Amino acid sequence: MADDSLVIKGLSYSYGAHLVPALAELSATIRPGIVTGLVGPDGAGKTTLMRLMTALLLPTSGRLTVFGLDTGTSADQLHEIIGYMPQKFGLYEDLSVIQNLRLYADLRNVPESGRQQLFARLLAFTGLESFQKRLAGRLSGGMKQKLGLACALIRKPRLLLLDEPSVGVDPVSRRELWRMVQELVDKETAVIWSTAYLDEAELCQEVLLLDGGRLLFAGPPGQLTERVADRCFLVQGISGNRRQVLARALQLQEVQDGIVQGQNVRIVLRAGQNQPTLSLLNAGADAYLTPVPPRFEDAYVDALGGGPGGNSALAAAMAPLPNDQAITVEAKGLTKRFGDFIAAQDVSFAIRRGEIFGLLGPNGAGKSTTFKMMCGLLWPTSGTGRVVGLDLQQAPGQARSHLGYMAQKFSLYGDLSVRQNLDFFSGIYGLAGARQKETVTRMIDIFGLHPHLSDSAKDLPLGFKQRLALACSVMHEPAVLFLDEPTSGVDPLTRREFWTHINGLVEHGVTVLVTTHFMDEAEYCDRIGLVYRGRMIATGPPDELKSQAQSPQIPYPTLEEAFIALLQQWDASHEELPS
Amino acid sequence: MNNRLQRMSALIRKEFIQIRRDPSSLLIAFVLPVILLFLYGFGVSLDAKEVKIGVTLQDPGKEGNGLAAAFLASPYFRARISHDEGLLEQELVAGRLRGLVVIPENFSRLVEKGGGAARLQVIADGSEANTANYVQNYAQGVVNTWWAMHQRDHGLPSQKGVQLMTRIWFNPELTSRNSLLPGALAIIMAIIGTLLTALVVAREWERGTMEALMATPVAISELIIGKLLPYFILGMLAMLGSVAISVTLFDLPFRGSLPALLLSSGAFLLAALGQGLLISSAAKNQFIAAMVALITGFLPAFLLSGFIFEIASMPPMVRALTHIIPARYLVTNLQTLFLVGDVWSLLLPNVGILLLLAAVLFFLTARKTVKRLR
Amino acid sequence: MFNRIRALIIKELLALLRDKKSRMVLIVPPLVQLFIFSFAATQEVKNQTLAILNQDHGGPAWTLEQDFTAAATFSKVIRLQRPEEIPAVINEQQAIAVLWIPPDFSRDLARGQAPQVSFILDGRKTNAAQIVQGYGVRIINSYRDKLAAGTGQQSGVTLVARNWFNPNLDFRWFTVPSLVCILTTVIGLIVTGLSVAREREMGTFEQLLVSPLHPLEILVGKALPALLVAMAEGGLIVLIGVFLLQVPFNGSLPLLFASMGVFLLAIIGVGLFVSSLAMTQQQAVLGSFLFLVPATILSGFASPIENMPHWLQTISYANPLRYFMTIARGIFLKDIPAAVVWGQTWPMAIIACVTLSMATWLFKKRME
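In order, the protein sequences belong to chains A, B and C.
Be aware that the first sequence starts at 993, since it is given in my numbering, and climbs by one per residue.
Be aware that the second sequence starts at 411, since it is given in my numbering, and climbs by one per residue.
Be aware that the third sequence starts at 583, since it is given in my numbering, and climbs by one per residue.
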């Protein structure tokens, strides 16, 4: 007990007497000297738990002590020893980097002497030396996050709380942040890192897995993954269509969960089941199963009782588009300048019917600029974007009527009910009368929205929000779907359901353009375009990018490692040239 | 103690940097006051000059014409004379005239007889109620002057009777700007104190910086003072600037002393800032904070402060309500300081009430704000 | 195209009415303003305190004093003993005016001389002083007439004052029609001003932009709901004004609403302009405020337009509120004919064309 830095006992918290408790009967201990991951989907109660730990909220029942200090009675002493980085980083956007540091140093009464060295060390540590005078609001997401961390570290805390530091941040910055936190951890410091990314959780020494306010698991992540050891396989050498292979695999009784991974399909078997008969998957003659080490996500989905099936009722209800391999989305020399700044330079790509194309890249690299130009939200300075052959600048209305769009925050009208949202979106896409009614009814049936029809969209559970957003963007049966970080912050089960639908639609000939920071999501793509410094620096199937990035140090890179390696290669080859 | 001072000065410094960089703070604190000052200085005037009236002259006689000429010559009226009553009435309906003077057929005859039975009619456009009052008063004035002249011209003894000597103190010309501008200053102070403070605190909640602050060793009292002091200074600067503009550009007299001005506006600012802080501790969203600040700060300062609308004429319920409107006391003090001087026996009780209001508001704020998120 | 606009309008109305926050903004402040304004916004002068220093103890002086204290304006009277007390009474605002009857008043009057009575007013409150002064003059005049009648002397010419359209000069009759104008302006401005900004903040705006909707359709879809809501609210205020606050309505309702429609189009143009400019709801509120305050002040509500300097009167021709203020008061109280209404409506139509095309231009420009 003595070396536990944080003790949680029977902790419950409710935002209102009549509401479902945000946290229920939580008990756990957190040790110093390690990074503890606080893992779970949006709405699991991660932020509530963080705020309870900082004494910004008081438990409805139960107790929480930090280094022996009760949060209810010793908040003031507690605030002396914690460092806290809230979700929005807690930075003053209209103060410069150094002014933010100075403010937090004063608030924590860091003595004037030695301050110069402290700031110098923190700035070097976070790589912000050359940005001292820049306003925090003008920093990129990754830099804000590092500055937020620096502010939380100004007086070495005994408990460091980081609330979703990696949301919306690209893999490169995420890695750097992770490295920094690792360097910090010493015997006395406890670090709590909350995240919705399960691959991050895997790196933590211990995790608390939350779902719906309940603690599903506490302990080293390996302990959970062990449960699915020997049940994870990769179907390799697929010669047919890997999406159809996945759909068939998920139909099998033995298979608990499955996802697409580049050219392969990863499956997890149910406990106690034998390997499935490969011929049932119709994966081609050369297909074979390779056992692979389990991942935290496999175990997480297993703990929740497996993923959804592989069939999409949405796709089934849709008339297939001609299988003509036509180019449906095309970017030709897209360039966008904002004053002197070139956000995108000469970006070109073409997507064929029935293809999933992913746009990847670090924050501020020009990925969203490119995506916005392809939706017609931004006018290119030069170059053209075409959707089903229609120029987005010359025939914007026509081009957009073939386009479905779904954004990160599920841009639904929160105050409208589910049915009103459906009516509205079908209406602005020109559906009317019997056809509109019939389409709306079909969407309600397919997505099981009946129980929530008159609920306001903002009150829906996350999974239903995503279903509704997808329904709203496909009612007019678009030939092309544009997805902007569609599953960010969503739990793995909801994400699987989403991709089942997307895979189904693609099989019916829908073309998909997707931007993402999520490597899992990128694995679903047929091809990936890597955008960096305003240019498209690499395109190809995920597996091809991985092999491009192969090196003696990393013989079998993951997609994330490939991503980072490719950026470094590009930087290296361009530093030699005088710019 | 040293630690507290360090934290507080850091918060205050931060606030000033933000004020300098945030366009909406600058807009509210410096641009809006100037706009309002100019609008009230030029745009709002109760000094009815050249009121448009019509004179229906039904009397062809000499006296009737003489009186009509007197209306034409009056600096208060811009009169149109016509024999056609219907035409002028239409103009009154259309709003192109504010009043009608009807000189009846037998007017000259009756005046020549001695005037006792001569009657004139003045018809004012009641849809502009305040102007109607002026039309009546001015018409009476014209008729009185004309009658006195008439009697003198005819060698009649001037009428025996009482003379009313009106003397208007402090503002002999009754220039409405002299009493409206001090009122406009109170509105400006109310906007800076209440709206701006409510907005900047709500912004900290929205941007998540409040959450980060609360997890540091900063105490609530330090947070409150850290917000209060910068906006207090800003408000005082805006006040001094506005007073300077009023005196130099709009030729207002300033008969009070600087300490009395600082004392009155300081006490008012404390109350207004207290109100702004209280609003933002309840509404953690800029939009709601702005709405509440407008309804509870700006509107009462405009309506219930006695600056345009006479408090004594309001129904008792509303009159009772004005007692808790800080702007009411500031309007009185400013009008007095500009036009009268340091009437301490009037100023001090008002300052006292303002300080009391401020104390109540701060007490409520301190009770409502704990270092917690809810 | 019609279907798409209809979907937009329904959505906009639902979004306004289903959200508690926007429902509150639409309903509470206008009604609070309506009631407080119509009770508090009065330039009438009542319940004033008069101080009297009567140094003469004769009968005539006492009658004069009686005449003053009986006036409805003065509800309270302070009696002073010495002239030295006067400055304090005025300075400390214990009384709005002092009536000072000198010691030899009755004697002078009896001798047939014209005695002088002083009436000292507090110039800090210009409007009240002005009006109280008028009352004072009238009281003295009638006192003089009374004296003259008693002695058989000729009195002067009698001025009979009448007020058309509002016989008792009830200030509420003036305030309520003005409020119909001001409150519909606020609603029209806030609804359109916030609508685009809110969608920008919630991220739904991009969703609209990637749909086949033409920018012009989006604008129409934003303008029409605002027009409907503001007209409905205007109707509600007229109803409350007529039935609850007892203000007469003498003119034509269709004329009022027709001109209100034109007026609101001009206002909505401004609102859409602000909305296209603002990135956040807060900026939209501030922007609307910056239009609202000058527009109200230059509308003839707080003080008549003809009292303003000429250059400012010229500027006020660009203010749609000025025209509609004339129309609303005219229709409520004066039953003005259609020709007069038209004379005030066509300038608003021109303003509406200008504001709406500017809004369209800016809206399209911001989308590029």
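A few of these clues could be false.
Here are the computed lysine to aspartate or glutamate pairs in the DMTMM-like style, where the Cα-Cα straight-line distance is at most 25 Å [claimed, not checked]:
id	chain 1	residue 1	chain 2	residue 2
1	C	K628	B	D661
2	A	K1450	B	E616
3	A	K1080	C	E783
4	B	K523	B	D563
5	C	K603	B	E616
6	A	K1401	C	E788
7	B	K462	C	E788
8	A	K1080	B	D457
Partial list, computed: chain C residues near chain B (C-beta under 10 Å) [what the hints assert, rightly or not]:
id	residue
9	Q630
10	W644
11	E647
12	Q648
13	N750
14	W755
15	P891
Listed next, the stretches of chain B that the computed footprint assigns to chain C, with coverage defined by at least 3 CB atoms under 8 Å from CB atoms of chain C [as the list claims (entries may be wrong)]:
id	stretch
16	633-639
17	663-670
18	768-779
Source of the hints: derived by calculation from the structure; they are not laboratory data.
Just so it is clear, the structure is predicted and the values come from calculations on it, not from any experiment.
Note that the Cβ used here is the ideal one computed from N, Cα and C, for glycine as well.
Consistency of the hints with the structure:
no. : hint             : verdict
1   : C:K628 x B:D661  : violated (31 Å)
2   : A:K1450 x B:E616 : holds (18 Å)
3   : A:K1080 x C:E783 : holds (16 Å)
4   : B:K523 x B:D563  : holds (15 Å)
5   : C:K603 x B:E616  : holds (16 Å)
6   : A:K1401 x C:E788 : holds (11 Å)
7   : B:K462 x C:E788  : violated (55 Å)
8   : A:K1080 x B:D457 : violated (55 Å)
9   : Q630             : holds (6 Å)
10  : W644             : violated (14 Å)
11  : E647             : violated (12 Å)
12  : Q648             : violated (14 Å)
13  : N750             : holds (8 Å)
14  : W755             : holds (7 Å)
15  : P891             : holds (6 Å)
16  : 633-639          : violated (count 0)
17  : 663-670          : violated (count 0)
18  : 768-779          : violated (count 0)
Taken one by one, the earlier hints fail for this structure at numbers 1, 7, 8, 10, 11, 12, 16, 17 and 18, listed in ascending order.
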